[in-house]
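Chain B: place on chain A using the hints.
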Amino acid sequence: MAEAVVQFANVSKRFRLGEPHDSLRDVLWSGLARLAGRRSQGHERSVFWALRDVDFVVPRGEALGIIGPNGAGKSTALKLLAGILRPDRGTISVHGRLAALIEVGAGFHGDLTGRENIFLNGTILGMSRPEIRDKLDAIVTFAGLERFLDTPVKRYSSGMYARLGFSIASHVDPDILLVDEVLSVGDAMFRLRCLERMHQLVRDGATLVFVTHCLEQMQSICRRAIVLEGGAVSFEGPARDAVGHYLQAMSRAYITRPPDLPPAAGGDDGDVDSLRLRFLDGAGEEVLWVRAREPLRAELTFRLKRPVDRLVIELNLRSSPDDQLLSLNSGRAGRFLAARAGTHTVELSLAGLPLRGGQYFWNVRLWDADQGTAAADTPFCYPLVVDDEGLATGALALEHEWSFGKRTSAAHEYAAPVAAAPRGGRPVAHPTTR
Amino acid sequence: MEATKAVRAVPITNGLSELIRYRHLLVSLAWRDVRVRYKQSLLGIAWAVLLPLSMMLIFTFVFTRAIDAAKVLDVNMPYALYAYTGLVPWTFFSMSLSGCVNSLVANRNLVTKVYFPREVFPLASIAGSAVDFAIAMTMLAVLAAYFHCFSDWSFRPRATLLFLPVVVLVQVVLTTGLGMLLAMANLFYRDVRQVLSAVVQLWMFVSAVVVPVPRDGSWLARIIAINPMVPLIDAYRDCVVHGRLPGPAGFFYTTVVALVLLVGGWSCFRRASYRFAECI
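Sequences listed follow chains A and B, in order. So the first sequence is numbered by this note's numbering: it starts at 455 and just counts up by one. So the second sequence is numbered by this note's numbering: it starts at 4 and just counts up by one.
Hints were generated in silico from the structure; no laboratory data involved. Accuracy of the hints is not assured; some may be wrong.
Lysine to any residue pairs mimicking SDA-like chemistry, simulated, CA-CA at most 25 Å apart [to be verified]:
1. B/116 <-> A/653
2. A/608 <-> A/598
3. B/116 <-> A/646
4. B/116 <-> A/651
5. B/116 <-> A/656
Extracted from the complex, chain B is given alone in its bound form:
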């Protein structure tokens, strides 16, 4: 092992091998996040399911009981299922981002006292949220079975479920790129965290999470088409519920955006990381 630390920007390939060397730390930190989140709570890890489930119930109540929007919301499946399939990946996304944005600042004593690749912090936040995501996803099967049995909607698992890991991977790539940028930006300017929490709220309503987005070619639809989260959330429903592969154009677009964000975000992060300990 050899390290020469005068080179300004260390290429990402070096970063990758370094990350692999520190994989044990990544696991430890992710695991710490999960443990701490559910320590001293009665329901513990059950919250991973309860949180999206309660959101689902709220939105279902609002859109099908409080205001009868069933006709407007043309979703081709029970609304509750639509909401849940949107909310679970969205919760993963938003939880990861809010974890990332704080990850460096919250670990200030480690950033200033110990050396390891700083990418570990945002990555561990994402990995920690992924645990919750995995648990919440299994609940989806229960929900699908429920609607299959107790409504006129029928569900049969298809081979397209096998495409699901690809969809998750694209989401992780997208979140990683964005998360690194946010973690870094928040280290220099603490405003980022405040802005993010507002943006994520708004973002949810234009990402086909609980309400379908307009796709009629209007100006609004054209703006929303920029949002890489729409094809991603769609892809989850395609693979899991509809039993079809996601629309290639949209999914390809999201994949490209995700890769660009990853490469851009990571190289910015590495370039700035040598200043973290001084500026935090």
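Just chain A, with the same shape it has in the complex:
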């Protein structure tokens, strides 16, 4: 294995919860109280271990992904690496010039011009002034801000601001690059550019530590990943396996919640007073984590307060608030439930959910088809984690099949090694960007 440039050895970090003393007055009061022999109240702050005995090594030239649910300690790990925080136990060693992209455009000052901010932000990221002077043209061209270079950045649009920030950061030539979720800002073009630039840095031999929620990006850049769960490393290994592990970890994090947490939506005067949505695998076991290609059943149980002659059941699926993926409506399929008052159970069968691995949310709507009103409308609160088993690097994990060698129109179209690739067996081949 190549020489380790980043090493975490039994690193633990704790934070104190609650608010520390904020003014001198509080300190004097609590001091006086202690003198008077009274134990100060409310200052017994509890301790929260953000990281516990975390151990990992990044060899030179490797890209390591760090994934995990919110609050698992990912950002803390990165801040420890950057030297912003210090571990309470354990040691961290870093060999080489390190640049941390924890915030794009850190230290920008609105009153300074684009050019001045390039120098300011560049030195903050560890470049020297002559170095920045050499790269100035490249930075400006990459950001596409030639005309606005001598305008104060307070007059920039937020997109221009982000472009300039990333452009500077991507021109630092670090030995070790730490990236924390910066790709989640900006428009699609900007994110693509960032990604491409990170690929290039890795190709050029930089060591990368990448913290993200975007599993697809992580997989496309990193060969290896660790999964953090509750401040500890729960998995370390190939990025693709880490994703599967992470998805399971996420479903575990959710299964502890009562799945029928939100009762009947539709308000107090709604027609439904309890509602529950469960997912069952082929064996009829309740699951919150499914494989993309395996059949799945959704079981909906609800209690109607009044009879509805023609009830329509609708299930909707989203991955984020602005991204509806699927809407299954029984009315559109020509099925209406003649429902009396009382408890009903409805089942929906799916051959699979051919989606990219990740976390998805369902909601339930019940319609009274005759009146055209909603009998119930829940928030998108029913989580389901899908594991695509490495099938999808795009949005979908579609079942598909390749056929090679059946028809030869032009010899150069099928290069020998490809034609020789085995076919059959698993019906699925997945193109990867790796």
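Just chain B, lined up with the frame of chain A:
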């Protein structure tokens, strides 16, 4: 380059080499402070001169016109010149301290998001004020020439001017030590800034800036003798106006205090700096 970050207190020598590595950042931040201070202002950098000059005019008016205190204020030179030679280094001192005390808190997003030696923040505040100081000092020559020509007071530049950089250096050392302590203290307790602004006001009047301090061996004089700023401000007048070296005892005392503050302040600062990002 190698960094192992489990050691609790990193010695100052390490800090120094790290600071040298980050010198470009120091320049950038100092320059940012200066640029921002005078951006979108009509007179721009001229304020560096106008501020002490207006103070000088106010004090000159108060002490020589409003109340005739010329006899009490035995200053051996035109009062305006006395006030200006006091006010320029004092403005440097007070501006540096008020910059330092805010330097960490005002750069919260950098403290929590980027790593570099935190000493850079107070040092950049001092460096930014030093620019104003240098400009205001050149005005002193104009002022001396004016009084030389238009009053019966005569002035000849002496070789002691060469000692001036030493005096400035001692002031910078003193300010750095104090500034680091203040920046750190204000990060934990925001009261420090409020207290400082009151203290600096009072401090000016016992530092021979605009009024001479009593040196007659009275109890008040003995208390004031503790103040390291008195020999420092005196030293400026000695070198520039009187053409003599500063009194050795007083100047030596100030130098020792400055060095103690620097070493003490800096090592406290380094020891606490790993908690800055959590406590800010």
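Hint check:
A hinted pair counts as satisfied when its Cα atoms are at most 25 Å apart, and residue 116 of chain B with residue 653 of chain A qualifies at roughly 24 Å. The straight-line distance between the Cα atoms of residue 608 of chain A and residue 598 of chain A is roughly 17 Å, inside the 25 Å bound, and the hint therefore holds. With a CA separation close to 24 Å, the supplied pair residue 116 of chain B and residue 646 of chain A stays within the 25 Å bound. This hinted pair checks out: residue 116 of chain B and residue 651 of chain A have alpha carbons roughly 22 Å apart, not beyond 25 Å.
For the proposed pair residue 116 of chain B and residue 656 of chain A, the alpha carbon gap of about 23 Å is at most 25 Å, so the pair holds.
No hint from the list above goes unmet by this structure.
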